[in-house]
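Protein chains: 2
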Amino acid sequence: MIASRPYDATPARRIAFIGLGTMGAPMAAHLARAGHAVTVYNRTAAKAQAWAAEFGGRVALSPAEAAEGADLVITCVGNDDDLRQVCVGPDGAFQRMPAGAVLVDHTTTSAQVARELAQQASNQGLHFIDAPVSGGNLGAINGVLTVMCGGESDAFDRIRPVVMAYARAVTLLGEAGAGQLAKMVNQISVAGLLQGLAEALAFGQKAGLDMHKVLEVISQGAATSWQMQNRGPTMIDDRFDFGFAVDWMRKDLGLCLDEARRQGATLPTTALIDQFYADIQAQGGGRWDTSSLIRRLR
Amino acid sequence: MIASRPYDATPARRIAFIGLGTMGAPMAAHLARAGHAVTVYNRTAAKAQAWAAEFGGRVALSPAEAAEGADLVITCVGNDDDLRQVCVGPDGAFQRMPAGAVLVDHTTTSAQVARELAQQASNQGLHFIDAPVSGGNLGAINGVLTVMCGGESDAFDRIRPVVMAYARAVTLLGEAGAGQLAKMVNQISVAGLLQGLAEALAFGQKAGLDMHKVLEVISQGAATSWQMQNRGPTMIDDRFDFGFAVDWMRKDLGLCLDEARRQGATLPTTALIDQFYADIQAQGGGRWDTSSLIRRLR
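As given, the protein sequences belong to chains A and B, one line each in that order. Position in the first sequence counted from 1, then plus 1, gives you our numbering. Position in the second sequence counted from 1, then plus 1, gives you our numbering.
Simulated from the structure, these hints should not be mistaken for lab results.
Sample of chain B residues facing chain A (criterion: CB under 10 Å; computed from the structure): (1) S190; (2) G193; (3) G209; (4) T225; (5) E260.
Source: prediction; values computed, not measured. All C-beta atoms, glycine included, are put in the ideal place defined by N, C-alpha and C.
The following block holds chain A by itself, in its conformation from the complex (with noise of 0.2 Å):
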């Protein structure tokens, strides 16, 4: 399941990986599978230790233990409150991370917490580079990931090379919290494009068309999005059990709607949107696919 070492593989660090969940587990995998010493942290215990088992690394009880003597912390949890609590809290990474470490976070979470952590990692003489991936478990799985990144250049350039085990792209957006911003242009991005394309292939439903022939037209044309190929056919189709999750859409919706009202900025049509996949989450469809909205339509 996890492609071979990347031909420019980088000197052995001593890494602590932390948040083994459907993202982080392929993640830290390539890392080990690079040559580096691995040290994992899990929430569920048993996720780390069945990691350990195949893949070789270390195991380690806290948050602190596995930072200890770690060149470079990478963390992959829930939100920002998980995040708070593996870098800031009572066992967080922070309390033992070496002098001038640095810890990567690819948890997509508010810039606020981004930039506040940066801060903290700066008092402490340490390094906190916010790094939001896109291209879900299959990009983390075959390591084409793109990573968008947030803080100073000089920590960037140290810890891009080990990001590079399992990204297509790995890239400085400005200071702390920049890689978060861009995500979220991303999801908002994403979020108008599946609601476009879900009001157009149920109208054409509706209206009786061949839609896979449709589709193949349209998606030659102006119109055409990554998820117009990819997954129209499977919206044609009804289909969505697999892909990213609307729960996690609405987590990262939510993360914009807040920004938004902190700059001013107004996403009319991301607010909306938002509440379809309320909708979608009261039909019991928190883990379809975020395609899915096309099911408010029929």
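Start from chain A and add chain B according to the hints.
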């Protein structure tokens, strides 16, 4: 400005071309250069004279006169009423088309008028193919339009090789009206996509991100689209003096919303975006490119 004659050129035909606007003029030019005998009609006669002077066709004084003796009549006019006028008006093409001739309509119209004219054609021993296009003025000039057709397959087979003179793809999608319905699917997709992109880019600009850099990154992933790649950069730079005009998009969305009402289909964001385009018109932006939705958000 006009690409050379396609390799798979068809035997020369007698063609009437009605409507020499931004789209029609370059389409008709491709036909003339492919060696067909083209007779043109345009409501503003001066345009027809200028076209004939440049491309060597004959000018008719009415659609009926243009249609006389033509194997194939092609129309590309403004809206449902214009189309009715040039087909079944007192001087309309149907008056003098030879028995068995085909009328191909490239106007974006309602599916209803397409069905009505197909029926009328059939009653008179003629054929009607609805064939709206996507690809815009540049697509017409470069001869790479996408043509979505509805009608009888025999008539379609006869016109397809001729229409290929200015198209990349010419596809039959069903009975009369199916081409128009497919075009509506296309426009609904584009509207949602553009509004999502507009909200995303305006948000990122307010957040102070280097949006050209962010676009470069996110257009590699699951948020990508033709519009993001081709209109994203100009939206960031606030340039809208090209492309597909807001006035035309409103006309198309009006057709979509009317058809949805008839079918009982739900287009919540499309309806909202249609109103946003009304705002742009009120700002004096009727001629701006459809990507100008971002101007409402600044």
